[in-house]
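A.B. asks: Residues per chain are reported as follows:
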Amino acid sequence: MKSLVRKIKSVFGLKEASVAEALPFDLLFAHFREVLDSKNRAMEVIADMSDKLGGGYLFDITYVHNAYSELSAAMQDSLQLFEKLTRSRYAQLGDIFARIDRQIRLLVEGISPVGGDQVISYADITWDMARSVGGKSSGLAELKNYAKTNIPDGFAITTKAFDDFMEHNHLGGLIQAAADNSTSPGALSGIRDAIMKGEMPPTLSAAIDSALLKLRTRSARAGDQVFLAVRSSAEEEDNEYSFAGQFETVLNVPLTRKTVEEAYREVVASLYTPKAAAYQKSAGYDIGNAKMAVACLVMVDAMASGVAYSSDPSADGDTLIINATWGLGTSIVEGQTDADLYRIKKHPEFSVITKKIGNKSSMVTANAGGGTITVSVPDELVEQSSLADNQVHDVAEQAMLIEQYFRKPVDIEWAIDKEGAVVILQARPLRVIRNSDVRVTPPHSIVSGLKRLDQLLRNPGTVAQKGVVAGRVFILRRADELDSFPKGAILVARNDSSEFIRALPYASAIITDIGTPTSHMSSVCREFRVPTLVNTGDATKIFRQGQEITVVIEDDEDPQIYDGIIRELLQGGGTSGSMDDIFEFRRKRYILRYISPLNLIDPLMDNFRPDGCRTMHDILRFIHEKSVVELVDKARYDNDMVKRHAAIKLDLPVPIGIVVIDIGGGLTRDGNSDSVSIEQITSVPLLEIVRGITYPGVWRSEVTSLRVSDFLSSMMRMPDITSDSGDHVVYNIAVASKEYVNLSLRLGYHFNMIDCYCSENAKNNHIYFRFVGGATDMTKRSRRVQLLSDILLELGFNVNTKGDLIIGRLANLPQRDMEITLNQLGRLIGYTRQLDAQLLDDTKIEKYVRNFLEGNYEG
Amino acid sequence: MSRIMVIDDEKIVGDMSRMSLEQEGYEVETFLNAEPALARLKEEQFDIVITDYKMKGMDGMEVLRTIKTMYPEIKVIMITAFANLDTAIEALRGDVHDFFPKPVKIKELKASIKRALQKE
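Line by line, the protein sequences are chains A and B.
So the first sequence is numbered by this note's numbering: it starts at 1 and just counts up by one.
So the second sequence is numbered by this note's numbering: it starts at 1001 and just counts up by one.
Hints were generated in silico from the structure; no laboratory data involved.
Hints may be right or wrong, so weigh each one.
Unchecked claim - Keeping only pairs whose Cα atoms sit at most 30 Å apart, straight-line, the calculated DSS-like set for lysine-lysine is:
1. A:K281 - B:K1056
2. A:K52 - B:K1107
3. A:K214 - A:K258
4. A:K52 - A:K258
5. A:K541 - A:K84
6. B:K1011 - A:K281
7. A:K451 - B:K1056
8. B:K1068 - A:K281
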């Protein structure tokens, strides 16, 4: 029995040990508020930095220094307070902060990472090694180690090795001379010769030897004969700039130190070809500072290979394309073959839209002794699809998974191995030109005759990200409609939500009724440069579903929205993207990568842990979420609190039996009276919930007919709870202050908890709604979960369900909207109290949801 | 076409100014320090000089004084990361056209340039 009790408690998140040793609630609550304040300060600095480094300001290094010092201080405050709040339960978070901080400081100071290993196995590459192993290796390692994608075995030769090689051969002067001499062909050729004749530093040779030995051992176990592909992985390669085809790749290199070193020199030397030098120059790179890391990957003995774009750049974004050919993919990337082309619908199930089979008369294949050869394709295969239907599906699925992982369209190189499995050889962001890059000041002659929709809005709106775009309005009523978000549409929603990140790669713009420019969503919109306008008051009511509009957010004070697609506004003017062509700008902006993106999106996902944090924003998100959890757990299970504080009974017209523990400003009491009326509640959130519960018609008082099986199933599930009504009072407690309430209810056979902070500062506000249990069998209880979930979604919550447990979260609403929502939650508590017994079939769910939303509580 | 000179010892400021002002149709030249910039003024006519306040070698106030003495028709816009009331007053006394703390909102800088050119 004891273990069952423990199990039940664990379902409710009760931590037996932690309660006894934890802080008193009022102190904990004070810490909680301090954490929120410091977290908000940090979020404001992040918003400011994203804005100032966004291309609209002239800034210098002093700004970057000062802003980051301010952020770092606010982060350290947050961490310290969070540590106090959680009693160092997440001590690892401090280490994660230190790692991210180090990366940022290196960038702010403009210094390359020094030290570290010369050679690193892919399995050992972590997210913060991007600058050491280069873009290509870092992307592949990320896929292998975090996204669990199938990539070839291998290792990276780092920029540290590059530095050592250059120093060992005294090449620094030669390179500097070439850089100063406008990269003349003669000087460049001198550098390449010197590199090809260069001697490997003994430590580097030893490191390569050791990596090869490990590869040999692993492959011998698998019984394979192994060759390597030795490829470039320059510092920014595959990130901001693609460098596609600029550098050397040496394929099918035999696994000996001599051959690998030879290939290494060739790849390093390709940094200094005239073509690569010109490309770097046009991208704003200083060839004197460029560094080349190298990727060494086990060759895939490919049946077929090719390239896939997870979003067709020339289509609506709902199509992905695959190019494929027999053997190695070299001929495709070099545009030398008539490859097969598949255009595939992303949803549902990757149906093929068009298939064009190329005339593949030749193919590139691995040569037995090393290197590659071009051979004729057997006649019967020339015009046969190089991918079977299931392989088309598998490649498309991989492309989609990688796009979802990186949350942006990607360009991948893949191969099908002898077993028919897809292996990913490269993944990099696909550069898609977005309309939002266009900036114009609309001339009066164009706009004078147009219908300004923004003037119909209640508020002018707050600009979170500027840009000019046009598209169709997609009004999001419920969070789950994001799954059907049309590509290229303008997302219009009631409140902002970090969930929208899923739609960001496809959204042309985002407009919300309510929201703040420092919210998680706003900050991510800036990162993705999706034009975003929040806090318009009633955009969801003013715009029509599917309406075509043009959004011109050029100015913080005067964002403009026009009816229809106004092409003249989208054309002309320069592009803000052009700032990206400035190397120094890009380099400074690069630090935002460690600051503003949000990877920790869903608290129920596996990566919602300290070591899942990659950015300052992630750390703040983690701190906020876990601080709320801390408060929720403590308020819910701290029985000790009842003994220490006077519990005041709430006199209500419905028999719900709530006692209130006032931790400051929650009630006004007459003398020593042990009960209070509704009018004496001064806790803003508690008052609204109670108003909702007692709203006329909401409290269903008729006797519910429980069937015998329902009763038995409840007995089976909750023996310790149903047997003793003496515990009852403990489960109907409200811990309240002026701005906070944690209300724990046991009503009949289910448990309901609402934790809410509701203040004038929208950024601090949250509602956490938790519901579990019920007296009836699982089917009926699941129906109630479905009903609750439907209603919560309509109220704007993010909802997660697991069996009969349902958790709803909502944050950052202004106080007035919080109050309206809390009132609705109060009504929901009364309304659904015993509803599960009446949910006899699925069709009833819709009826009760509709009744509730229409305010018909008695139907 | 109006010509604008930008003097700032940080390359990024010159690069970003050039990028945004050329889009407006101005001709832009950038310098990392004051001496070669002033030498260039002898060869070429400029309408506006945007200069940083604090630089290695000759600083922004000196640039302002030199220009106002030798080329009084050129409008000078001062930008600085170390903005305070004293520097602003000092610049205004030196007949600066406008004074911006960094980071400078490019839109405001453009508006200021427009005003400077209109006055002519």
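A.B. asks: Now, for every hint given, state plainly whether the structure supports it.
C.D. replies: For each hint, the structure was consulted:
{"no.": "1", "hint": "A:K281 - B:K1056", "verdict": "holds (27 Å)"}
{"no.": "2", "hint": "A:K52 - B:K1107", "verdict": "holds (13 Å)"}
{"no.": "3", "hint": "A:K214 - A:K258", "verdict": "holds (16 Å)"}
{"no.": "4", "hint": "A:K52 - A:K258", "verdict": "violated (50 Å)"}
{"no.": "5", "hint": "A:K541 - A:K84", "verdict": "violated (44 Å)"}
{"no.": "6", "hint": "B:K1011 - A:K281", "verdict": "holds (16 Å)"}
{"no.": "7", "hint": "A:K451 - B:K1056", "verdict": "violated (53 Å)"}
{"no.": "8", "hint": "B:K1068 - A:K281", "verdict": "violated (38 Å)"}
In the structure shown, a violation is registered for the earlier hints numbered 4, 5, 7 and 8, in ascending order.
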